[in-house]
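Chemist: Residue numbers (this note's numbering), protein chains in the order written: chain A, 1 to 299; chain B, 300 to 598; chain C, 599 to 897; chain D, 898 to 1196.
It is worth saying that the hints were derived from the structure and are not from the lab.
Small disclaimer: the values here were computed from a predicted structure and weren't measured.
Every residue gets a Cβ at the ideal spot worked out from N, C-alpha and C, and that includes glycine.
Please note that the accuracy of each hint is not assured.
Claimed, not checked - Covered by chain B, per the in silico footprint, the following chain C stretches (three or more residues, Cβ under 8 Å):
hint	region
1	601 to 615
2	636 to 645
3	648 to 659
4	807 to 816
5	827 to 838
6	847 to 857
7	861 to 875
As the list claims (entries may be wrong) - PhoX-like, lysine-lysine: derived pairs with alpha carbons at most 20 Å apart:
hint	chain 1	residue 1	chain 2	residue 2
8	B	490	B	442
9	B	590	C	889
10	D	1144	A	291
11	D	1188	C	616
12	C	889	C	741
4 protein chains.
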Amino acid sequence: MPILGQNQYGKAENRVVKITRDGATHHIKDLNVSVSLSGDMDEVHYSGSNANVLPTDTTKNTVYAFAKEHGIESAEQFGIHLARHFVTSQEPIHRARIRIEEYAWERIDTPESRHSFVRQGQETRCTQITFDGSSWEVVSGLKDLVVMNTTDSEFWGYVKDRYTTLPEARDRILATEVSARWRFGWSDDAKETPDWDDSYAQTRKHLLQAFAETYSLSLQQTLYAMGSRIIDRREEIDETRFSLPNKHHFLVDLAPFGLENDTPDGAVYFAADRPYGLIEATVLRDGCEAKIPADLTHL
Amino acid sequence: MPILGQNQYGKAENRVVKITRDGATHHIKDLNVSVSLSGDMDEVHYSGSNANVLPTDTTKNTVYAFAKEHGIESAEQFGIHLARHFVTSQEPIHRARIRIEEYAWERIDTPESRHSFVRQGQETRCTQITFDGSSWEVVSGLKDLVVMNTTDSEFWGYVKDRYTTLPEARDRILATEVSARWRFGWSDDAKETPDWDDSYAQTRKHLLQAFAETYSLSLQQTLYAMGSRIIDRREEIDETRFSLPNKHHFLVDLAPFGLENDTPDGAVYFAADRPYGLIEATVLRDGCEAKIPADLTHL
Amino acid sequence: MPILGQNQYGKAENRVVKITRDGATHHIKDLNVSVSLSGDMDEVHYSGSNANVLPTDTTKNTVYAFAKEHGIESAEQFGIHLARHFVTSQEPIHRARIRIEEYAWERIDTPESRHSFVRQGQETRCTQITFDGSSWEVVSGLKDLVVMNTTDSEFWGYVKDRYTTLPEARDRILATEVSARWRFGWSDDAKETPDWDDSYAQTRKHLLQAFAETYSLSLQQTLYAMGSRIIDRREEIDETRFSLPNKHHFLVDLAPFGLENDTPDGAVYFAADRPYGLIEATVLRDGCEAKIPADLTHL
Amino acid sequence: MPILGQNQYGKAENRVVKITRDGATHHIKDLNVSVSLSGDMDEVHYSGSNANVLPTDTTKNTVYAFAKEHGIESAEQFGIHLARHFVTSQEPIHRARIRIEEYAWERIDTPESRHSFVRQGQETRCTQITFDGSSWEVVSGLKDLVVMNTTDSEFWGYVKDRYTTLPEARDRILATEVSARWRFGWSDDAKETPDWDDSYAQTRKHLLQAFAETYSLSLQQTLYAMGSRIIDRREEIDETRFSLPNKHHFLVDLAPFGLENDTPDGAVYFAADRPYGLIEATVLRDGCEAKIPADLTHL
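The shape of chain A in the complex, shown without the other chains (with noise of 0.2 Å):
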């Protein structure tokens, strides 16, 4: 008979809002949540018994009712309360994954309100907590983050066989869209947790300052920059993850115009959509172990 392998189940994207009113001034929470349960349920696979599930209905229900009973500090700790819940209230439950995507809002610049927003850049903040009953994984993140250095990136020195036909390049612009996660060293109760809003912010602005000051040979080189920024800034990482696609931009022929591309007073490029390099890799502590998986996944 087939076997049942891993298998998790659970109510995804959630869109949960809150409000909360200080005086005039109010603040705003807009998450996306998505659970994912597993443990002993074998049962349901083979004969459809449900005896063991907790319908994702309901998982849904308790995102909402959390999110008004323990409030929503942040991303990571609302997935730590729903985490605990589902594996300390249901016997048969006994891994719980919860990921969580996060929308900025900024106030609108005006004085007459205080309660007036517009949704705030590209990028998307992410979280995933994970816990087995006695231990944590929190892995945190951001995606679509789109940057771009105009110079300072070459790349030359390459591997030349039969089908290599790119010129070297000394001076190219560099651009990505970058999505990382990165893992923190807390996994323990008895420990105290970051300051998960504190952490995403700092690790943010590095991320961003590595890609800008680092005078860049490869793609590969400046993701190491990134990563090894982060290790050696934030104590409470321990791992991160890149995939960073190459936005290419190529240089525009304009000599069949009579015109130069490549003067002082201004480049043209084409801003390709497809294919793109692909760049991902691992950076993380010395003696501490991988486990954020190869292929980033989105929600």
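Could you slot chains B, C and D onto chain A? The hints should help.
Modeler: Frame of chain A, contents of chains B, C and D only:
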């Protein structure tokens, strides 16, 4: 024989990025340019003769060459250069319409680099320039600007019929993703053009402030407030058109869990995807003619 | 005071699925319905008074209730029921426009079930019904229908200017993603309506056959062939409008690798995303007025 | 010093179309190919030395050249050619992973053309070939296959806790968008490869039939039925993995309008977008090891 009606053609979505260098300080212009030409084009439809057809490939080349030859002072100015060129250089072309999306970048905050950038914001600035050889029409705007008021919005006193179940609301969230277009009064080469970039910045500011400062009894009222604020404050603009999806946020019923959900310490909402209310209208200067189509189209 | 121009409102994208049972054999109707109403709506914009406003929530309820009360014989017939209702039951509503997308399903091929289905095809059937209390306009069509001719397409004899680099082509791939709309002559309640479903099936067939059978000297010629075939063969249709992106397939230059790429045993192409040519035109019955807007909009 | 962990790189989403001609009858292969290489790549990350790096541009060229040199018998066979080439021709490359999506086309039904096609179906066939120089792993599958059973689905007998409000269901719609992967037992060059195209067609058929023929007490049970049917009927496959979003169809409450919504003449449902249940599991042959990751990733 079936008759040929309105027709137009050109290359769409030319992604052009121009980098200029002011010493160590670099500047980015990042555009998506679509060209649409019409004129004496019956023959190519009836017989396939391309004798009057400037290939779409050539319109693409022209976009890139013009970015070098004329620079990109603003999306509007760049579109004017292109439209004038096509209509005046090719006898069979009687009308050119150039649509441009512009993507904003901001500098990465680091002392060591003046050539590192991060994509800014969610909204996209857009413009459409139309030229028929004698008269200009410039319609600019933005899309994907997501805004929210967390209070000062009501909805009641509406028509009830057999199919009405909605309870009246005295305090609700009002959120929308603004798609707006505004038409400039400028149409004559002999008159001075507006300062396109300043006009955009000011118009966007007025739009946001009108959204924030309007105590709303309906999304239609808020729409009119946004449009009339622009008409009142920006004399270069004669007409505005808005498409405002009502991004519903439903208060979650937490009563089954023994929780109240409208206490002052925080209310929990479900952010719905579909269906959504869709409110569309034109607001224009008294005495001006409405020219922006009822259905806003993206690029 | 700024003036209110054209305005409309309603609930967009109501996803309604109706299942009917004919013994063990089930049938699916799967629609996405958008309602847009206009009329005597100045006050809601100027003062926020909702006294004339039938809430968008009510329009949503009406869609679902009508699916039960009137059934869904075809998307067009369903839209006619809805449009008539809004205009005739609410005095302030003077015009209703109903847009519907329909998604096709086919039966899963198995002897044991008559109630199992798989979503069919890529294209979406769509219709727009407009009623002003006396006269009807029905525009149906399809979108996302991707087609390709692998030969019998040329492109040469076009205008050359300073910016032209494209070599002439005597044998190229012609591929496009058809977005088409066709307007029915029917407008009067006193006349019999077309057989909407049969008309759709026949029109789609003619469109595809005209694409396949036209030896093409330009995509414009192919467009005209598709439109005129429909006008010639379907007397219930007075006007067609097409938006045809030219999905470029570029022959790859394999010469650097010592390979010829146009030998009879197979040619290799790069399928490009952007930019793309965009060819748009109306083809209509002699003596009829063009009413479909130049820019086709989705839902 | 921070340590480099798992890393890989290559060109993603190379869109390659190959047309072959058998007299007047043409054939299309339409693929999206992503290359990912790993091996002795520490230096490029640490110092930026590209001495071991075959550029992603070269991997792109290789894809196009191989389409000519080796043809595209099947996506799997094409991926095997590519993976073998990268690992055996470049000493620093120790592992190659090729991911391919294949898009299906069918002939347009017309007597006059054997070279006209329309894109078929919604689902995408996909495969991933991994080679480490000695052993192969081939995981094929499909995604975006939307299916629905309009009856023979129940859901009851589940756990109730404080947050449960869902009523039990004795007859509901069961709809999902199947993402499935299956791993072949073949791993050794010395053994004969499966007939990849026939295996795909048969596996897809079994998957659909198991979906249609299973009287479902839970989506988990249906998932297991699909996986075990494949394992039972296709001896070349050792492991399956499914990711099944539960596309909820909610019976609309029409009681406020005096309508019953569960009579035999047709029931009306609201097709919801988010949130959705998400059911994921592996089903494998007894004695085999599970190797497909828990999170299926696209391309």
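Chemist: So, for every hint listed, does it hold in this structure?
Modeler: Hints, verified against the model:
1. 601 to 615: holds (count 13)
2. 636 to 645: holds (count 5)
3. 648 to 659: The restraint on the region 648 to 659 of chain C holds, since 11 of its residues have a Cβ under 8 Å from chain B and three suffice.
4. 807 to 816: Answer holds; 3 residues pass the 8 Å Cβ test.
5. 827 to 838: holds (count 3)
6. 847 to 857: Violated, because only 0 residues of the region 847 to 857 of chain C bring their Cβ atoms closer than 8 Å to Cβ atoms of chain B.
7. 861 to 875: It holds, with 4 qualifying residues against the three required.
8. B:490 to B:442: 29 Å, violated
9. B:590 to C:889: Given that 20 Å is the threshold and the Cα spacing comes to 16 Å, the pair holds.
10. D:1144 to A:291: 32 Å, violated
11. D:1188 to C:616: The given pair, whose Cα atoms are some 41 Å apart, is violated under the 20 Å limit.
12. C:889 to C:741: Since the Cα atoms of residue 889 (chain C) and residue 741 (chain C) sit roughly 19 Å apart, the hinted pair holds (cutoff 20 Å).
Checked against the numbered hints listed earlier, the structure breaks hints 6, 8, 10, 11; every other hint is satisfied.
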